[in-house]
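Listed here are the chains, written in short residue letters.
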Amino acid sequence: MSTSPVSTSPSADAPESAATREARLTTLLVFGAMIVGAVLQIWIPPGPVTLVAATAVASLVVLGLSFVVPGRLRPTLSGFRFTSSLLIALAIFAILGTLILQGKPAALYRARYGLVGPVILALRFDDIFHGLPYAGLMALFGAAILASASLRWPISARRAGFFIAHVGLLISGAGAAASSMLSVRGRVDLFAGGDVARQVRVTKNGVPTGATEQLPFELKLDQFDLVNYETEYRIGYYEKVRLVRDGVAMDDYRLKTSFDPDLGWHRLPQGDRFRLKAIYPDFELVPRVSAAPEGPPALLVTLAGRKLWLQPGELAAAPDGSLAVAFGELRPPPPPGYPTTVLISSQDRQVVVHRADGDAAQPLTEGAPLLGGALRVEQLLPHAVRGAAYQTRSAEWRNPAVVVETEQNGRPAEVLATAAQPRGVFLREGRAALVFEKRDKEVKAFLSHVTARQGDQLERAVISVNDPFEFGGWTLYQVNYNPDDPTYSGLEAVRDPGVLWVFVGFALICAGVFYMLYVEPRLRGGGIERTIPGAASGAASR
Amino acid sequence: MLQYVLVEHPFFALTSLLYLAATLAYGLAWVSPSRLPGRVGTALMAAGVILNTAVIAGRWIEAGRAPFKSLFESLVFFAFCIALLYVAFERLYRTRLFGVAAGLMAFGSMAYALVKWDAEIVKLPPALQSAWFVPHVMVYFIGYAAVAIATGVAVVQLLASRFPFVQRLTTMKAGSVLSGAPLDLDRISYDAVRFGFVLLTVGLLVGSVWAKSAWGDFWVWDPKENWSLVTWLIYGAYLHLRKVRGWRGDRAAWLAVIGFAVVMFTYLGISVLPTAEESAHVYTGT
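Chains as they are written, first to last, in this note's numbering: chain G, 7 to 548; chain U, 14 to 299.
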């Protein structure tokens with residue numbers, strides 16, 4: 007992020023040679039920093055302190071040398087070619103940090119990376135961003151900024167962008183260094199109504215170190231709320247996918263899209279169609295008997311206010327046990343244990359009232375009340391089949407079910423699907439499936455209502471993700487909860503003295519970059535890019 | 014699949030078709046002596062932008078949140094950003110030469126969304142329920158679109174130095190270069206990178222501020238963070254190298270192309286990295 011201060015060309019050949027020398031020096035510095043860092047790393051292990059200390063010391067040493075060593079060291083450091091090379095080298099390190107797992111046990115690298123594993127460990131690329139090669143590059147970066155600034159001093163409106171952006175980079179870097187060395191972070195586990203927390207369990211990369219840090223205040227969890235999104239019912243469309251988990255290939259279904267439960271036809275990605283033929287918000291299955299050309303007879307009776315279908319051999323009893331009705335093609339035997347039984351036979355259409363003191367028979371008359379209205383024979387079907395009917399108890403979505411009608415290659419099919427027991431309606435030989443599903447477990451927010459007390463100072467707050475609570479120099483973040491224990495809340499406590507400077511630096515970087523790229527060219531007379539002195543004559547500009 | 018999209022997501026299908034049709038019209042403008050194909054291309058592209066806006070707005074209303082959560086949603090928004098920026102670009106530079114590249118990228122983004130189809134509207138997890146969510150994503154995607162257009166220009170620049178037909182296009186008045194003056198491709202590409210770089214800078218830093226407010230760390234070396242930094246460093250190097258003699262023209266164009274390849278990897282390729290399983294940024298289904 008530097009801008010060439012000057013570029014002159016005393017002769018036609020000299021700039022070529024200057025450019026070559028600059029390129030050679032750039033290569034030497036960048037590779038030298040990495041190699042020296044790699045060698046020194048044999049004795050100095052990587053870590054935040056290593057990174058910050060090495061960067062600061064090396065940066066000042068290189069900068070100091072650039073002022074005292076004769077030759078082109080300082081112009082090279084402040085040149086565009088050098089900065090560009092450095093940015094590319096830093097980019098390569100950033101890439102390596104994503105190719106190599108960071109901060110894992112040594113055995114994992116040997117197992118996962120094979121022959122390369124020991125090389126990774128030897129070069130300490132398992133902690134690449136805290137190692138000395140990286141510190142070497144950062145040191146050159148810092149030295150380049152300072153060297154470039156020294157050549158561009160004093161500040162003018164036409165060069166202000168450079169200073170703003172680069173001061174921003176330095177402030178961010180210093181803030182990040184302070185964060186890296188001085189910040190403390192750890193976990194605070196709280197239970198609603200439970201003990202007060204006075205310390206944090208210190209963590210590094212999310213793993214407890216075993217150390218604790220005293221909080222300067224007491225923290226209490228008054229209440230913990232786990233808020234879910236509103237329950238909704240959807241028709242989910244899943245497709246079978248081949249997954250590899252832990253080296254084992256397996257089939258699984260992945261949700262591709264979903265539909266509102268409505269009665270319209272919908273087209274599916276694989277070309278089939280479906281619709282919900284019926285929707286039952288509060289589903290129940292009711293038995294139903296209907297007349298048929300053949301089959302056993304069936305009798306509909308009203309007993310104690312309830313309508314019941316009976317088929318031969320079946321029995322119905324009043325809830326108080328005072329009366330029972332038995333039905334058969336011939337007169338059924340009286341069931342034991344009831345003071346009064348009514349025996350109804352379909353072949354001779356006869357009703358017998360059986361009591362201990364004797365029987366009383368009469369012809370079966372549909373709709374006639376018996377025993378003072380306690381029983382009514384409603385209907386006798388000579389031949390009937392028994393089935394079931396779907397219906398909804400109410401309009402409220404208590405136990406929803408739907409009838410899914412699918413059409414695959416023009417072939418229709420119907421399936422009842424309930425949300426309480428979601429099962430796939432499979433399509434295309436199992437390659438896809440429709441599922442009527444209830445969605446009620448999606449977490450919308452988790453909120454900790456806490457009270458912090460430091461001496462006489464007392465403060466209450468609600469902590470949620472993205473809404474931390476600052477108190478006593480610490481910031482508390484909502485990071486965890488336990489769905490099985492609604493009283494538990496996991497907080498992250500952080501004390502970070504550098505972060506403010508990091509953000510101040512960020513603001514300056516943004517302002518500086520904008521100023522440099524959009525304001526400075528206008529101040530220079532409307533050109534979009536500054537004309538590079540000497541470029542036209544073939545000089546190597548920086 | 015096509016039938017499904019036409020029936021269930023007609024606006025999505027129509028937007029894609031408009032981008033494809035615009036691409037064809039812009040392509041015709043390259044070889045036609047008439048200005049009509051170019052004008053039709055502009056009209057189709059503008060219509061695509063309007064319909065794409067409707068697709069995004071409709072989904073925003075349906076989901077009750079900004080539609081930037083899933084890969085599908087981001088691809089639709091990416092297409093919108095490319096097309097919108099291109100239309101502004103066409104007016105600014107008075108040329109339709111890059112309409113084919115912009116149309117292809119916008120259509121390609123929609124086509125990829127179709128291939129990777131995950132149109133399910135998912136709920137926002139607590140971490141994404143932040144005031145930073147919308148500005149972070151919007152700034153980044155407009156920045157991505159800017160460098161995408163810069164890359165389109167850079168590709169034309171590279172082809173122009175190799176193929177006389179493309180070289181002729183850069184100076185052709187009818188239907189392509191409206192001003193009639195030869196285009197300075199290097200400068201146009203630089204302008205787009207410059208615009209994109211400012212947005213990538215803001216996006217990167219806004220993301221860092223957001224991470225701090227959500228998790229307490231402004232930088233955790235997450236693969237997405239790292240690759241976002243890599244894109245920033247590469248475009249930073251591009252802007253620096255332009256000041257070095259011999260780093261304009263083809264070399265700068267190649268660097269713009271490489272930068273965009275890194276942007277695309279940052280956007281779509283993170284899931285293949287060994288460190289991806291620990292990332293909070295990987296789209297499902299990629």
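No lab work stands behind these hints, which were simulated from the structure alone. Beta carbons: idealized from backbone N, C-alpha and C, even for Gly. Some hints here could point you the wrong way.
Derived CB-CB ranges, DEER-like [claimed, not checked]:
1) G:M256 <-> U:L49: 52 to 58 Å
2) U:G71 <-> G:E384: 53 to 59 Å
3) G:L249 <-> U:L30: 30 to 36 Å
4) G:R459 <-> U:G282: 47 to 53 Å
5) U:L105 <-> G:T215: 51 to 57 Å
6) U:A70 <-> G:S162: 56 to 62 Å
7) U:L15 <-> G:M256: 54 to 60 Å
Which residues of chain U face chain G? A partial, calculated answer using Cβ under 7 Å [unchecked claim]:
8) P139
9) V215
10) L242
(Q) Hint compliance check: list the failing hint numbers for this structure, sorted ascending. (A) 6, 7
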